[in-house]
Amino acid sequence: MYDLGGNRHRLDAQRRRAKILATSWHRSGGSGRKGGRGFQLPANFRQPCRFQQTGQSGRARDLEGSDRQGEWPSGQTRLHDPHRRFTHLSKAGQFDDAEKVIGEAKLDVHYVPGEHDLVDEDNGKAYLGRFGKNTKGTGWYSFDAGGVHFIGLVNAANLKAGGMGSLGDEQIAWLTDDLKGKGASTPVVVVAHIPLWTVYADWGWGTEDSARALALLKRFGSVTVLNGHIHQLMQKVEGHVTFRTARSTAFPQPAPGTAPSPGHLLVTAEKLRTVLGIKRRGQARQKSPRDHRYTA
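Under my numbering, the first residue of the sequence shown carries the number 10, and numbering increases by one thereafter.
Simulated from the structure, these hints should not be mistaken for laboratory data.
With a straight-line Cα cutoff of 25 Å, these simulated DSS-like cross-link-like pairs (lysine-lysine) come out: (1) K189 x K145; (2) K100 x K145; (3) K227 x K191; (4) K134 x K145.
Hey, can you work out the whole structure from these sequences and the hints?
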């Protein structure tokens with residue numbers, strides 16, 4: 010594995026924790042287009058709504074820099090997916106580091122856990138104690154901001170090696186109640202660690218009961234589903250639902266079916282920047298062969 014300076018070394022959990030950048034989406038009132046489809050925002054959608062999905066591991070100065078430059082005024086929202094290598098093995102010291110790094114950004118942050126954040130001896134209590142306050146079950150929740158309904162789902166609990174993610178009956182029952190009373194014109198954003206669509210079943214890249222959750226979202230005019238886990242950009246559009254996965258800032262993984270199994274993908278130093286979710290501030294991200302788009 011190479012670092013961004015071209016030096017070959019093994020990236021341990023603490024080094025992987027040191028890089029973070031995100032994909033972002035924002036909407037500022039009126040009619041908009043998302044994933045090639047238009048939608049009419051509700052009458053109460055008056056304030057600009059901007060949020061950022063953050064995945065994998067992070068550098069506090071990236072978070073501080075955006076706040077310092079005035080890109081993230083108070084009251085706007087950041088969604089964070091700690092991902093499989095943010096705490097690595099759910100140890101107290103790793104959670105301490107994560108809390109310190111994210112806290113220095115001084116932003117409103119909401120979390121969903123990855124499978125490596127839930128492997129402590131108490132089945133996720135360490136994560137919930139730090140990042141799951143005021144959530145339900147293993148850490149699911151919802152909130153409203155700027156006329157958008159945000160939902161954080163947990164599909165990485167009790168994950169078996171090579172197995173698909175799952176939501177479970179209790180969480181789906183909660184989601185059913187949560188969506189009651191929401192008008193069909195309300196924009197909805199759903200965040201979960203593992204993709205809520207089946208990217209590649211042989212590698213467990215999907216959620217076995219996601220169809221039940223997606224059926225509840227079908228009536229809404231604009232739904233954005235954000236996921237991590239697979240360390241690469243993918244997009245799929247089904248009706249009014251747009252699915253997007255984010256790259257890792259820690260290490261790339263192979264494209265589905267191109268290797269015997271998922272795992273660390275070794276690349277040259279020159280190629281590394283094109284397969285990680287990072288860029289120099291002010292520089293447009295370059296298109297790479299690892300970008301995938303699916304439209305149904």
